[in-house]
Amino acid sequence: MAAAAPPLKDELDIVIPTIRNLDFLEMWRPFFQPYHLIIVQDGDPSKTIKVPDGFDYELYNRNDINKILGPRSSCISFKDSACRCFGYMVSKKKYIFTIDDDCFVANDPSGKQINALEQHIKNLLCPSTPLFFNTLYDPFREGADFVRGYPFSLREGVPTAVSHGLWLNIPDYDAPTQLVKPRERNSRYVDAVLTIPKGTLFPMCGMNLAFDRDLIGPAMYFGLMGDGQPIGRYDDMWAGWCIKVICDHLGLGVKTGLPYIWHSKASNPFVNLKKEYKGIFWQEEIIPFFQSATLSKDSTTVQKCYLELSKQVEEKLGKVDPYFVKLADAMETWIQAWDELNPTKAN
Amino acid sequence: MRNPPTLLSLTIDSALINFSTISDLSFVPEHILLELFVRTLKAGKLNEKILKLFVATGKEEILSVIESLNIQHILVPVLPTRKLFHDEVDIVIGALQPDLTSFMEQWRPFFSRFHLIIVQDPDLKGELKIPEGFNLNLYTKSDIDKVVGSSSNAISFSGYSCRYFGYLMSRNKYIISIDDDCIPAKNSNGEPIDAISQHIINLTTPATPFFFNTLYDPFCEGADFVRGYPFSLRSGVECGLSCGLWLNLADYDAPTQSLKPDLKNSRYVDAVLTVPARTMLPVSGINISFNNELVGPALLPAFRLAKEGKVRWETVEDIWTGMCVKVVCDHLRLGVKSGLPYVWRQERGNAVESLKKEWEGVKLMEDVVPFFQSVRLSESAVTAEDCVVEIASSVKEHLGPLNPTFAHAAETMVEWIKLWKRLRAN
Chain A
1 MAAAAPPLKD ELDIVIPTIR NLDFLEMWRP FFQPYHLIIV QDGDPSKTIK VPDGFDYELY
61 NRNDINKILG PRSSCISFKD SACRCFGYMV SKKKYIFTID DDCFVANDPS GKQINALEQH
121 IKNLLCPSTP LFFNTLYDPF REGADFVRGY PFSLREGVPT AVSHGLWLNI PDYDAPTQLV
181 KPRERNSRYV DAVLTIPKGT LFPMCGMNLA FDRDLIGPAM YFGLMGDGQP IGRYDDMWAG
241 WCIKVICDHL GLGVKTGLPY IWHSKASNPF VNLKKEYKGI FWQEEIIPFF QSATLSKDST
301 TVQKCYLELS KQVEEKLGKV DPYFVKLADA METWIQAWDE LNPTKAN
Chain B
348 MRNPPTLLSL TIDSALINFS TISDLSFVPE HILLELFVRT LKAGKLNEKI LKLFVATGKE
408 EILSVIESLN IQHILVPVLP TRKLFHDEVD IVIGALQPDL TSFMEQWRPF FSRFHLIIVQ
468 DPDLKGELKI PEGFNLNLYT KSDIDKVVGS SSNAISFSGY SCRYFGYLMS RNKYIISIDD
528 DCIPAKNSNG EPIDAISQHI INLTTPATPF FFNTLYDPFC EGADFVRGYP FSLRSGVECG
588 LSCGLWLNLA DYDAPTQSLK PDLKNSRYVD AVLTVPARTM LPVSGINISF NNELVGPALL
648 PAFRLAKEGK VRWETVEDIW TGMCVKVVCD HLRLGVKSGL PYVWRQERGN AVESLKKEWE
708 GVKLMEDVVP FFQSVRLSES AVTAEDCVVE IASSVKEHLG PLNPTFAHAA ETMVEWIKLW
768 KRLRAN
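Same order as they appear, the protein sequences are chains A and B.
If you're matching positions, the first sequence starts at 1 in my numbering and goes up one per residue.
If you're matching positions, the second sequence starts at 348 in my numbering and goes up one per residue.
The hints are simulated quantities; they were obtained by calculation from the structure and are not laboratory data.
Any given hint might turn out to be false.
Partial list, computed: chain A residues near chain B (C-beta under 7 Å) [to be verified]:
{"hint": "1", "residue": "151"}
{"hint": "2", "residue": "155"}
{"hint": "3", "residue": "156"}
{"hint": "4", "residue": "159"}
{"hint": "5", "residue": "169"}
{"hint": "6", "residue": "174"}
{"hint": "7", "residue": "188"}
{"hint": "8", "residue": "199"}
{"hint": "9", "residue": "201"}
{"hint": "10", "residue": "203"}
{"hint": "11", "residue": "214"}
{"hint": "12", "residue": "303"}
{"hint": "13", "residue": "323"}
Glycine is no exception: its CB is placed at the ideal position from the N, C-alpha and C atoms.
Bound-form chain B, shown alone:
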């Protein structure tokens, strides 16, 4: 038979529960006070106010216990956490190189608060080197094969496309993705720039696609809508996609960089702007972020060149995807922003070599751009999934006959949506 609780312990229990009504402990005998203190600690209920009550008794034993346990008053007030969106953000990194140590260390101050999803390029053999101390999930070829199953025939996650598997796995609202050969850029004071924060700001402030503001982003500090900007358009719309830029090695194509091997981007343009509705742009996958809830399904791996490579000069998959996303955003009345943040892009590869190997991408743009500029979606397409399916059908009809790459892209887009829906249904 269990011993019934003592009156003392019942009293202490009651005190613990009702601490908020207690304003003075000085009348409590010291040995009971000690017991109360220990039980408060065990229950995890010691806060600033309660600590003050104990200290105010002036009882020596209590004070020495407090000292020996090194319990300190919090001098700096704990500020309520600014909406930092910690648990709403996933940083997705496609690993195309085996050693991510330097990359992750450079980004650590800005990555460490967030959950990371790292996807290893299925073509990359061996184990990735990743430094400790990050909250991350790592996915490799075997994970991809397991999850994607039979449709892995249609969808390739090789090379730069590996990150899309990360998008698929993410259940967070905002996704930020940066190429693994980019490090934080520095501002004019030599301090590293927090690209993650800037992307979050871009995604969580309204966009203004229906009328151009000549002072750029009207929601940033120190700016506003200018004279002549209609008031009915000043609340803006939600931002679906944020495209950042690059200092040092800019995202030029192989012909351009080959022609101008010394051309580096050193101009820091201190602006974010909304790319107007119905205006197409080349979205570079090097430094982007998006609202996964609103446009997630449209960030897809579909457009693979015959000699698709492992440097950006040998791919246009992100350009294709970016235009899909822009069409979706325009149709769903969402915004796409471009500008800050900058990242510093390190040099890798050789533009001339890439040009020799793969130039088809440049040629295919001639058909891709007019297509996306003119594609229109039906009223019944009300989600990103619907939009992608309609775009795919239009690609098949209008671009498919021109080049097998397009026909394949259309098929892959349809497969992707099926996969997306299947995984989200669980």
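This is chain A alone, in the form it adopts within the complex:
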């Protein structure tokens, strides 16, 4: 048992979407037990999902979501792990860590178990450096620093909004890649955390992710996926593109790299292909849209940025497919729901 109190014990919620069971929590128990869990149960609400004993948690199924949000519950996906963002909305904490129920504790090259949560917290609590690339990666990590040539005026960094972790074993490939390389496993432990530079987009995976709710929470909407929607497996991607544009605009940082978790389950690539199919084509339009998206100076809060972005989505991506008009609408609904559940203390 660690001598020090678990960091941010009362300031962090762990959000877990699940449709099956929560057996994976047993392995995480030493690391997660001090923290509060928010379980978002997807699928059939009449099913009971057993939470292992000893965890402090709240659990929401579809009935709960409908009750709490009323008509606004339309923005929360059904039969897709995108529903997890409901957990972000109802949380009252400053920080969120979200993890999939097929992700386990990984070992570092020395064989030691990796406390992923602790690393995410370290990432979030120290600054990011999006304005200039440091060749020795995160300069705030022990044993590293800014290299020669790095201007001193940029060494303070900016607040970190998001910490994006990686996965050993089953890599997060799309369906076509999975089909071509069904046996490929990620066994490379890259001992680095780095800030994704300003102006650069990245594919954000929701399997092992942490963020500062106060800084970026309202932008972490995971979109309309799953049942009744033409697309799946793009929930986290969508959120990732949105948050990156907004973080760049607001001067916040996004980190990627450590910690690693062990991803144990490879989903069926044919099922995945059906879900992703439209996304693979749409992303060719979506990416240039986000790469060129600019927000006005008046958008000074995350909500304002997000709403401005939603209008641009409707205007520019609506032409690609009517789905984006629906999505833009859902983005607005999400913000309304967020603001209602999270009234600001000021004014």
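Assemble the complex: chain A is given as a structure, and chain B must be docked to it using the hints.
Here is chain B on its own, set in the frame of chain A:
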């Protein structure tokens, strides 16, 4: 009058030419067979197949000649040479110290296949000590003076800048350059790391500057593009520059190393990644490589501090040059990679002493970085030379007024391109 050739010798000539059509030599009388064998050897045409033909005759004399000459079958198949790029690579070393023996011996396993260009710092007096057994060209002050001629007033090749003369002399496609106080780093098994091979891999595989791949280099074994990476961007672009890293003495500036004298880099990060387009970075000259054909002219000696020194703490010339190269690469849609390989950097000099002597470089970065972050080149700049000329003009206009070092850098860049073009025109 010359004696006409005999019928026998004409026959043997004909046999030599048509060996590929001969499948059996057993009918040939032994003395003729011997003559044929000797002539085959003289013509340099003895290969595995032909040797087998001779051996198959079973003739004793032939077999004993083969034995006495110790001709052996090649048991291990000669594999076709993997594209090792031997003759497309130059390793350029700027010699700032007089005795390169230890340096070269440590790198020998990895250098020996390649052509080396060693340039002696013109300020370094005396003859360099270089061990035998390398394929190299050595250039000294007199060579520099001869080649560069009158423009040597503007361009200084002293100190770390001496290597740029080596770049100028190179006619190869890829150039790799390592500081002479670095030796091969060791991997977790204690084996020395082949930094040269890794640089070549970096330069010859695509870069991906337009979208970040969270699993880093998608072209390395065991990795790929992740979910969400647009397919249209997956072919990547050519890599213009590869920046390696350093274990032990990292490339920190003097203030940082003075503040933390015991800070050594012991973290081996097993990744190569592409630095995204429009993202600037501090390029360290300690361990780099580049595609000379694509970006060669942009690797230039231009930015000299007033008290420019012979340790990396007393220079930022490589940082300046690196940013020029990044701007050029971004404009020409080429990639810049950073990460592996690591070299082991030995300790040299004293950070505190350097800081006392030269701290201006650190201060000048405050102007340099914002400038390079915002400089934009015109559509008509389609080569590295064009780009450098435009950057120089922009430096003169925007940075020149701030400090004479910048104005001088702009002039030197223009001179450099003139020199480059003049030498390439021959």
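| field | Hint check against the structure, violated hint numbers in rising order | value | 2, 3, 4, 5, 11, 12 and 13
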